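The lines below spell out each chain.
There are 2 protein chains.
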Amino acid sequence: MIDDLPAGLTARHLANEDHLRVHAVLDTWWGGLKGKAGSAERALLLPRLYFQHFTTTSFLVEHDTGEIAAFLVGFLSPAQPDTAYVHFVGVDPVLHGQGIGSTLYRAFFTLAQSHGRRYVHCITSPENVASRAFHARLGFAASAVQPDYDGPGLDRVAFTIDLSAHPVPIA
Amino acid sequence: MIDDLPAGLTARHLANEDHLRVHAVLDTWWGGLKGKAGSAERALLLPRLYFQHFTTTSFLVEHDTGEIAAFLVGFLSPAQPDTAYVHFVGVDPVLHGQGIGSTLYRAFFTLAQSHGRRYVHCITSPENVASRAFHARLGFAASAVQPDYDGPGLDRVAFTIDLSAHPVPIA
Chain A
6 MIDDLPAGLT ARHLANEDHL RVHAVLDTWW GGLKGKAGSA ERALLLPRLY
56 FQHFTTTSFL VEHDTGEIAA FLVGFLSPAQ PDTAYVHFVG VDPVLHGQGI
106 GSTLYRAFFT LAQSHGRRYV HCITSPENVA SRAFHARLGF AASAVQPDYD
156 GPGLDRVAFT IDLSAHPVPI A
Chain B
6 MIDDLPAGLT ARHLANEDHL RVHAVLDTWW GGLKGKAGSA ERALLLPRLY
56 FQHFTTTSFL VEHDTGEIAA FLVGFLSPAQ PDTAYVHFVG VDPVLHGQGI
106 GSTLYRAFFT LAQSHGRRYV HCITSPENVA SRAFHARLGF AASAVQPDYD
156 GPGLDRVAFT IDLSAHPVPI A
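Line by line, the protein sequences are chains A and B. Reading the first sequence from the start, the letters are residues 6 to 176 in my numbering. Reading the second sequence from the start, the letters are residues 6 to 176 in my numbering.
Treat each hint with caution, since some may be false.
Since the list gives no way to pick out one identical chain from another, each pair is judged satisfied if it fits inside one copy or across any two copies.
Said to hold, decoys possible - Distance condition first, Cα-Cα at most 20 Å in a straight line; then the derived SDA-like pairs of lysine to any residue: (1) Lys39 - Leu50; (2) Lys39 - Pro152; (3) Lys41 - Gly158; (4) Lys41 - Leu159; (5) Lys39 - Thr129; (6) Lys39 - Asp160; (7) Lys41 - Leu31; (8) Lys39 - Leu49; (9) Lys39 - Pro157; (10) Lys39 - Phe93; (11) Lys41 - Asp160; (12) Lys41 - Pro157; (13) Lys41 - Pro52.
The set of hints was computed from the structure by calculation and includes no laboratory data. Values in this document were obtained by computation on a predicted structure and should not be read as measured data.
Full structure from sequences and hints, please.
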């Protein structure tokens, strides 16, 4: 499904059975960013519905041993026919720097384009400097910090990429 | 868009501009159910993405004065072509007992059926006895309480209705 992953890793679409396995890695992978509130926030952003209804546009990367290495949860916007949305992405920190995150994004870009989507949107917390740098490297344009973007006290930075100006695969 | 609402109320599809207005009513309408954790939980279940990408299958009901009276956030499952999903529904408690909630569900059922969807799924917190009774009255079958359904500590009851066995409009 995704060719250019490091040896020993394979990708497939997300499944219902993956839900609690993904939840089990969130705190470790995010290193307690924003403390207990951050932990609750991440868990509540991944209710089971994503693992039931958005599986065909979401990916899970596993080691040959079955351990989770990375995931991307995204969907095609039903209301905006030119747009796709990446909701949540994680890569095991011990695997950072190997291009797995950008490979997942490229796979999602290809999928989005095959469904006629030109733009991909996503967001991150202002505190997540690694995420902000990562999206800039991928070619996303970033908004200023938007206070209360996702609700009271839930500030976000919003990213957009125009795939027609960034042909996949991106270098 | 929805005909059988009480006088003085009109429905339209949800819009991006409604996001913080809906957040502003959550605590009042849910009466602090499950305390501060419940409040944070409800807010995080309604990130802005629902008000951007799922607007065409979601409804807002307003008074002639512009105040929010009710809302329903739902979508057609991309991965399950026979299924639609109701994610979040609220009705101003001062308007309870007037059939507004069931009217919104029936409107969603009609929309879902027009897109070939036979099943509608949704969930609620076990503590929400009013919601459990409401869904039973509408004809939903309920699961037992499912521990950690939406993540660690996030128990849920899951509801399903087979629209082919409950022709719309439901009495």
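Tell me the hint numbers this structure goes against, listed in increasing order.
The structure breaks none of the hints.
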